[in-house]
Amino acid sequence: MMYPFATLPENLAAFCEALRRRHGFHIGPGELHDAARALDVVDLASERAVRNALRPILGGTLDDVRVFDTAFTQFFFPDPAALRRDETIATRREPAADAGGDIDAERARHTPPSTADADEASALGGGPMTPIASTGDQSKEAALVATSSYSPLEAETSDAPELPRIDQGWRDAARLFVRRLHLGLSRRWSPGSRGRRFDFRRTLRAGLQTGGEMLSPRWLRRPRRAPRIVLLVDGSRSMSAYARTTLTIAVALASATMRLEVFTFSTGLQRATNDVRRAAAGEQRRLDRLNHAWAGGTTIGACLRDFLKRFGERMVGRDTVVMIASDGLDVGVPDLLRDAMRELHRRSAAVVWLNPLLETEGYEPTAVGMSAARPFISTFTSITDRAGLARMSRLVRLRS
Amino acid sequence: MTDAAAIHDRFRERGFIVDEAFATALQIMLALEKPLLIEGPAGVGKTESAKVLAEVLATELIRLQCYEGLDAMAALYEWNYPRQMLHARLSETDGSSLDEREAYMFSERFLLKRPLLDAITRDRSPVLLIDEVDRADEAFEAFLLEVLAEWQVTIPELGTIRAQHKPHVILTSNRTRELSDALRRRCLFVWLPYPALDVEIEILHARVPGLSDRLAQQIARLMQVLRGLPLQKAPGVAESLDWALALMSLHRDHLDAATLEQTLGCVLKVHEDRGVMHAHHAELAPILGHVPDTLESGGYSLDTDFGFGSVSAPRR
Chain B
-13 MMYPFATLPE NLAAFCEALR RRHGFHIGPG ELHDAARALD VVDLASERAV
37 RNALRPILGG TLDDVRVFDT AFTQFFFPDP AALRRDETIA TRREPAADAG
87 GDIDAERARH TPPSTADADE ASALGGGPMT PIASTGDQSK EAALVATSSY
137 SPLEAETSDA PELPRIDQGW RDAARLFVRR LHLGLSRRWS PGSRGRRFDF
187 RRTLRAGLQT GGEMLSPRWL RRPRRAPRIV LLVDGSRSMS AYARTTLTIA
237 VALASATMRL EVFTFSTGLQ RATNDVRRAA AGEQRRLDRL NHAWAGGTTI
287 GACLRDFLKR FGERMVGRDT VVMIASDGLD VGVPDLLRDA MRELHRRSAA
337 VVWLNPLLET EGYEPTAVGM SAARPFISTF TSITDRAGLA RMSRLVRLRS
Chain V
151 MTDAAAIHDR FRERGFIVDE AFATALQIML ALEKPLLIEG PAGVGKTESA
201 KVLAEVLATE LIRLQCYEGL DAMAALYEWN YPRQMLHARL SETDGSSLDE
251 REAYMFSERF LLKRPLLDAI TRDRSPVLLI DEVDRADEAF EAFLLEVLAE
301 WQVTIPELGT IRAQHKPHVI LTSNRTRELS DALRRRCLFV WLPYPALDVE
351 IEILHARVPG LSDRLAQQIA RLMQVLRGLP LQKAPGVAES LDWALALMSL
401 HRDHLDAATL EQTLGCVLKV HEDRGVMHAH HAELAPILGH VPDTLESGGY
451 SLDTDFGFGS VSAPRR
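Respectively, the protein sequence lines represent chains B and V.
Per our numbering, the very first residue in the first sequence carries number -13; after that it's consecutive.
Per our numbering, the very first residue in the second sequence carries number 151; after that it's consecutive.
Keep in mind that the hints were calculated from the coordinates and are not lab data.
Careful: at least some of the hints might be erroneous.
[To be verified] In the DMTMM-like style, the derived pairs of lysine to aspartate or glutamate whose C-alpha atoms are separated by at most 20 Å in a straight line are:
(1) V:Lys201 - V:Glu163
(2) V:Lys383 - B:Asp325
(3) V:Lys316 - B:Asp20
(4) V:Lys316 - V:Glu183
(5) V:Lys263 - V:Asp348
(6) V:Lys316 - V:Asp273
(7) V:Lys383 - V:Asp403
(8) V:Lys419 - B:Glu299
(9) V:Lys316 - V:Glu296
(10) V:Lys419 - B:Asp20
(11) V:Lys263 - V:Asp249
(12) V:Lys263 - V:Asp284
(13) V:Lys263 - B:Asp185
(14) V:Lys201 - V:Glu242
(15) V:Lys419 - B:Asp325
(16) V:Lys383 - B:Asp20
(17) V:Lys383 - V:Asp423
(18) V:Lys383 - V:Asp331
(19) V:Lys316 - V:Asp363
(20) V:Lys316 - V:Glu163
(21) V:Lys201 - V:Asp392
(22) V:Lys383 - V:Glu282
(23) V:Lys383 - B:Asp185
(24) V:Lys201 - V:Glu300
[Claimed, not checked] Which residues of chain B face chain V? A partial, calculated answer using Cβ under 8 Å:
(25) Pro203
(26) Arg207
(27) Gly348
[As the list claims (entries may be wrong)] Between beta-carbon pairs, the in silico distance windows are:
(28) V:His421 - B:Glu33: 25 to 35 Å
(29) B:His168 - V:Ala156: 48 to 58 Å
(30) V:Glu218 - B:Gly178: 32 to 42 Å
(31) V:Glu300 - B:Thr346: 52 to 62 Å
(32) V:Arg335 - B:Arg264: 36 to 46 Å
Cβ atoms here follow ideal geometry from the backbone N, Cα and C, with glycine treated the same way.
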């Protein structure tokens, strides 16, 4: 074993730092402390025991766990042979794990090209946008990282779109839109001045003030269910004229609700939620690391399938309004799109399709992709300005 | 119970096979006294692992099943209102002061302990299973954070109750919703995948005694293939075990296409998935070996294929 530092705590701290900086792990002093305590418990001579002990502490999500082993090897065994071995492990495991936890290589073979390859590049220490560490201690490591960071997609990321700033009007329109999405009542009970259920606890407490006589009854009511919104933005070249409006809608919605997820797709899918949220908070932000998810052709069906497989379980439910902003000019297989749309429709509260071509006079949604998707769309419309967004809330039909 | 190997053995005695990574996670969880968050596809034994842990530690299991609308009162405590009312009425004339009566009415006598409060007031650390935490809503998750971090509960009428013995906490999630980062940071995290082929065979043997080796092999191999198909609801280990039991009760010693068709309800729970399976028939066919009719259940020759499940016995 080759350690970058002499003592165990230093190595551990450096490893955590590497995970944090390079792989976006959420590691604070608390986790570091736990990790140090865990190493007291396990057999330090066994590399596997150390690995197994640190993994549950430092990793918080499935994505973390997937990257962890590669990062561990890369940090503690930075010789090329070890790296190569791990690389093959990574390529075998990562896309499989992507399939929503159904760890099986078989299944991965059926998946469309996803961003897993990009994840992998970053797992190996640097996608195109990851800063490469070049401090003295880690120069050897950095050299290795540099060799593995080549990506044929690099050219495509240069025209990454900038997220627009929004004004108060957009913000109000988005807030109105979210507020008007009525999903019915939640299963929860919360205190209210009027309600359907008698609140024993609060009534009894209030009764103490009136000498044990319960003069003022208190009630429980069911609050409204808060909607969840998933916005899928078509970033293909044919949509470029409309991209700014779509991204404006995304940022506006992010300013109105925290329960929003944003994805961009073109021939691949990319989650953009964090960027959009930060833009909504007033930061100037560019969508980066888009790879296949911007300015390419469109395979809507494959991208939606990919979305369902990787995020569907967690993000699409009875409270979810799925919004797809696309012109529907699909070059993929229509059956794939039809199946994905059927599943989206089945699992969500509503599927809204925003098609800018509807603004064009004489447009009929007869393209192969559009006609495959049509039966599963609850609301088919377009938005060009903020009044349109506010107006749309009246058009969305929700299944209760 | 100090090292992973011991945990593995103790779990194994109770018919639960844990891999090394999971055993180490359990070891760390016990040593660090931190909650363990287990995620994974449905039916891989997340809930079961908590039950077995309680058995292994010879302590009690307290289970909090989460559901939409679960609130702090249902999870923590509730006052026994009818009893309080009754007491208030009956003690009206006994001459005690209002303060005395109030203090008595809000004493532990009238407190109904729900799982979380129950777990922190035990004399020994119990195993607290917070099952399917993703089904509860965000508000409950925030409340849970407070309990998991401080191990104390404040009841306005009684004061703060602090845990004498921290419970061993296991949270499970099926990922129907994204859990907050804050909750994740409070917990150790383990991803429990579907077991590998040999592990699944081991599980089948451990849980279904008397299962022939050939049948175990066939079930496990079919499951591996099925989980690779684009099914809406992939079968878990729970399904494998159900299936094995079903086949045992039907006195089958091997799987063929007809038996598969008859017992498919144990494995595939969504109608569309049958269509998917039939479309991939070619992948399943090699596993469904053809066995001559003369060899009936319990026949020794079925168990002597030395692990080659698809080799058919010689015709007599």
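If you check each hint against the structure, which ones fail?
-> 5, 7, 10, 11, 12, 14, 16, 18, 19, 20, 23, 24, 25, 26, 27, 28, 30 and 32
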